[in-house]
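Colleague: Those protein sequence lines, which keep their order, are chains A and B. Counting along the first sequence from 1, when you hit position 187 you're at 187 in the numbering used here, and nothing is skipped either side. Counting along the second sequence from 1, when you hit position 197 you're at 197 in the numbering used here, and nothing is skipped either side.
Hint data in this document are derived by calculation from the structure and do not stem from the laboratory. Please note: incorrect hints may appear among the correct ones.
What the hints assert, rightly or not - Label pairs and their computed distance ranges (CB to CB):
| no. | chain 1 | residue 1 | chain 2 | residue 2 | range |
| --- | --- | --- | --- | --- | --- |
| 1 | A | LEU279 | B | LYS191 | 42 to 48 angstroms |
| 2 | A | LEU65 | B | GLU215 | 24 to 30 angstroms |
| 3 | A | HIS60 | B | PRO405 | 40 to 46 angstroms |
| 4 | B | SER111 | A | THR154 | 53 to 59 angstroms |
As the list claims (entries may be wrong) - Okay, the calculated bits of chain B under chain A, using three or more residues with CB under 8 angstroms as the criterion:
| no. | region |
| --- | --- |
| 5 | 105-117 |
| 6 | 224-236 |
| 7 | 248-262 |
| 8 | 291-304 |
| 9 | 352-366 |
Stated by the list, open to error - Partial list, derived from the structure: chain A residues whose beta carbon lies under 10 angstroms from chain B:
| no. | residue |
| --- | --- |
| 10 | SER2 |
| 11 | SER80 |
| 12 | ASN120 |
| 13 | LEU262 |
| 14 | PRO263 |
Cβ coordinates follow ideal geometry from the N, Cα and C atoms, glycine included.
Single-letter residue listing:
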Amino acid sequence: MSAVDLLNLLIAALLQAGVYAAMSVGMTIIYGVMKIVNLAHAGFLMLGAYFVYELYARFHIDPLLGVLLAFPVFFLIGMSVHWVLVRRIPTSDQPTLTSLLLLFGLWLVLQNLGYVVWGNSDRAILTPRTLDVLQIGPISFPTVRLVVFGAALTSLGSLEFVLHKTWFGRAVRALMQNSDAGRIVGVNVERTARVAFGVGIAFAGAAGGLLAMIYSFSPDFGGPFLLRSFVVIVMGGLESFAGVAVGSVILAVVETFCILVLPANYQPAIAFSLLVLALIVLPEGVAGLWNKRRRWA
Amino acid sequence: MANYICNPTKWYSLSVGLLFLALLAVLPGCGKGSKGGTNEIAIGVVLPVTGREAKPGQYQREGIELAIHQINQGGGIFVRELGKKLPVKEVFYDDGSDQAKSAGLVERAMSADNVVAVLGGYSTALGEAESVMPDRYQTPWITTGAAASTIFSHGYQYIFGTLSPTDLLGYTTAEFLGSVVDHGKLKKGLKLALALENTDHGVDYGKGIDKWIQEHPGYFNVVFSEKFDLGSTDFSGLLQKVKNARADIFLADAHLQDYITMHRQYMQTAMYHQMISYGARGPEADARKALGDATNYIFAGIWWSGKLPYPQVKRFAADYQGSTGRPPDSWYAATAYEGMRALAAAIEHAGSLNKTAIRDQLRTVELTDSLLPGQVLRFGKNGQINTPFVIVQNKPGDKVDIVYPPDAATGEAIAPKPR
Numbered sequence: 001m002s003a004v005d006l007l008n009l010l011i012a013a014l015l016q017a018g019v020y021a022a023m024s025v026g027m028t029i030i031y032g033v034m035k036i037v038n039l040a041h042a043g044f045l046m047l048g049a050y051f052v053y054e055l056y057a058r059f060h061i062d063p064l065l066g067v068l069l070a071f072p073v074f075f076l077i078g079m080s081v082h083w084v085l086v087r088r089i090p091t092s093d094q095p096t097l098t099s100l101l102l103l104f105g106l107w108l109v110l111q112n113l114g115y116v117v118w119g120n121s122d123r124a125i126l127t128p129r130t131l132d133v134l135q136i137g138p139i140s141f142p143t144v145r146l147v148v149f150g151a152a153l154t155s156l157g158s159l160e161f162v163l164h165k166t167w168f169g170r171a172v173r174a175l176m177q178n179s180d181a182g183r184i185v186g187v188n189v190e191r192t193a194r195v196a197f198g199v200g201i202a203f204a205g206a207a208g209g210l211l212a213m214i215y216s217f218s219p220d221f222g223g224p225f226l227l228r229s230f231v232v233i234v235m236g237g238l239e240s241f242a243g244v245a246v247g248s249v250i251l252a253v254v255e256t257f258c259i260l261v262l263p264a265n266y267q268p269a270i271a272f273s274l275l276v277l278a279l280i281v282l283p284e285g286v287a288g289l290w291n292k293r294r295r296w297a
Numbered sequence: 001m002a003n004y005i006c007n008p009t010k011w012y013s014l015s016v017g018l019l020f021l022a023l024l025a026v027l028p029g030c031g032k033g034s035k036g037g038t039n040e041i042a043i044g045v046v047l048p049v050t051g052r053e054a055k056p057g058q059y060q061r062e063g064i065e066l067a068i069h070q071i072n073q074g075g076g077i078f079v080r081e082l083g084k085k086l087p088v089k090e091v092f093y094d095d096g097s098d099q100a101k102s103a104g105l106v107e108r109a110m111s112a113d114n115v116v117a118v119l120g121g122y123s124t125a126l127g128e129a130e131s132v133m134p135d136r137y138q139t140p141w142i143t144t145g146a147a148a149s150t151i152f153s154h155g156y157q158y159i160f161g162t163l164s165p166t167d168l169l170g171y172t173t174a175e176f177l178g179s180v181v182d183h184g185k186l187k188k189g190l191k192l193a194l195a196l197e198n199t200d201h202g203v204d205y206g207k208g209i210d211k212w213i214q215e216h217p218g219y220f221n222v223v224f225s226e227k228f229d230l231g232s233t234d235f236s237g238l239l240q241k242v243k244n245a246r247a248d249i250f251l252a253d254a255h256l257q258d259y260i261t262m263h264r265q266y267m268q269t270a271m272y273h274q275m276i277s278y279g280a281r282g283p284e285a286d287a288r289k290a291l292g293d294a295t296n297y298i299f300a301g302i303w304w305s306g307k308l309p310y311p312q313v314k315r316f317a318a319d320y321q322g323s324t325g326r327p328p329d330s331w332y333a334a335t336a337y338e339g340m341r342a343l344a345a346a347i348e349h350a351g352s353l354n355k356t357a358i359r360d361q362l363r364t365v366e367l368t369d370s371l372l373p374g375q376v377l378r379f380g381k382n383g384q385i386n387t388p389f390v391i392v393q394n395k396p397g398d399k400v401d402i403v404y405p406p407d408a409a410t411g412e413a414i415a416p417k418p419r
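Isolated chain A (complex conformation) (with noise of 0.2 angstroms):
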């Protein structure tokens, strides 16, 4: 294999990492906060697939403005759910088989609200940037996949900003740390776990219009991705948002480099082994052995 081959490989695998960090953000967003593993994300992913779509499809909205238009859209539905479902949860620091039944059955919900809305055919956004390959010498570049790094990039910073500027922000990252500690300062755990869970939606939401751009769905849409999330988050930290976009480019490096040694049919296995071997070797994580050298230092 020459060193162009490997180049656009190395890309490619870039490219998709974007995709991965898009996808597992708002996870890492309410488990921080809430300490739920939000198993109804792939549900949201589906369903702002759809969003995008029927914007794109009825009104012509070109779908990086329907990607814009999910944000508030989404971030309003999650505060409802968070209103109406999930705020019933008991508080735990830890997962409980609770909540993880409540946003397994909610996926189950959406999914099959899905079949009754949109029917199980194969929806796909095409526009003329859905096939076009930006061509810089020997290295080819997908156009849609560049639109989708640089949405996720955007969106990762846009979030960054968010919790290092504003008092949201702080008041999350404080309950990300140590949530009692937070409640003694005075920040209100409610509303700011409410406000988290809406930008957790929404972020889902987001990220499954920018999935649309690059695959075709169903209502089944967002399973397989719930995987990925879930070894993203597992291997960047649970926590930390600077982890997503770790643990998302290693996930997309190994898979894509593994498959030139690996018969293809192993790729799911590949994240399978990343999860198991993350738990096993870095249980905190990328951003947990962070943590460590900084103490160490």
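Take the given structure of chain A and dock chain B to it, following the hints.
Modeller: Leaving out everything else, chain B in the frame of chain A:
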């Protein structure tokens, strides 16, 4: 009375009694209107109408239901030993594209619903799971959407299939490409890259291609062959390997969803091959909507085409359009329709609702006005039919032509594919 209410033993007896009555009420076959009553013929249909295989499963269901509707419009199936015609009643279950659920539902239909036969099993993976049940319950099962030869190689006595074997699909695909070489449109000695689904379907497809290549040395060389998992979301690694193989022709064996995902990513790699095929997938409306002009010139080997020049095909296409409001999409509905018709003929020949008698008649049944290529449907010794495939090619303007075999062709094969 107060004594009764306070006595826990009596409460227990009352609860058990009520539970028993409730069970009697909900257990299939126990109440009034049993599905296996002699006023109707219950046929089990187990197909995916949700999940990964939802769309083809829905088409197959529509094909079966059209056949049932037409049979019932004619008064039903004549059962000699009862001396009357009985209408067909469909007992439908959605397996959600899940293997375990699929097998469980076939078992339920055969054991609890008192059906005389089960139709279904769309896709090899689901069909394989279902295929272990028919002999256990001695109930005929006709798969209308699973073609891998392994299903029919275990010596089961109650299984039948209305799809020709997948190795014949691979063989016909290579044979078609060979004919294109013979016509001087492609050169001899071209390199093939194969990407096969990781199921017996994929294995058989690859075997069929290899067989033809071995019988016709000098035409093609396989320079790359690898399997992929069904339902993958990312094929970039696999496609990069295909790109590195620098083959002239790309042949994949994929299901509808994988075809759409893979071809999207294929287009994004800016690769070019002189010919591209995704096995038995290519002309589906969902794919053309999702990929637009990118599906042009893709060719597919399929079990049936609405362009076959038989009057019964035109009739079926019109009836299907009348029933669903749209024309048949690719082959899915036709093979299912034929499965139901073959079963109806077998029941009529058996003259009874005895499952073994129906199985015996399925072994000898012959539909001489079949929709399938060759116009004759008969099950082989292993239970599978062996009708020929037709090769179709997508062309600009949503046009699809049969391009092989020559006697059924409605247009010429375009090769090599324009860049």
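Colleague: Now tell me, hint by hint, if it's right for this structure.
Modeller: Okay, the hints, checked on the actual structure:
no., hint, verdict
1, LEU279/A with LYS191/B: 42 to 48 angstroms, "43 angstroms, holds"
2, LEU65/A with GLU215/B: 24 to 30 angstroms, "56 angstroms, violated"
3, HIS60/A with PRO405/B: 40 to 46 angstroms, "44 angstroms, holds"
4, SER111/B with THR154/A: 53 to 59 angstroms, "57 angstroms, holds"
5, 105-117, "violated (count 0)"
6, 224-236, "holds (count 10)"
7, 248-262, "holds (count 4)"
8, 291-304, "holds (count 3)"
9, 352-366, "violated (count 0)"
10, SER2, "9 angstroms, holds"
11, SER80, "26 angstroms, violated"
12, ASN120, "3 angstroms, holds"
13, LEU262, "9 angstroms, holds"
14, PRO263, "6 angstroms, holds"
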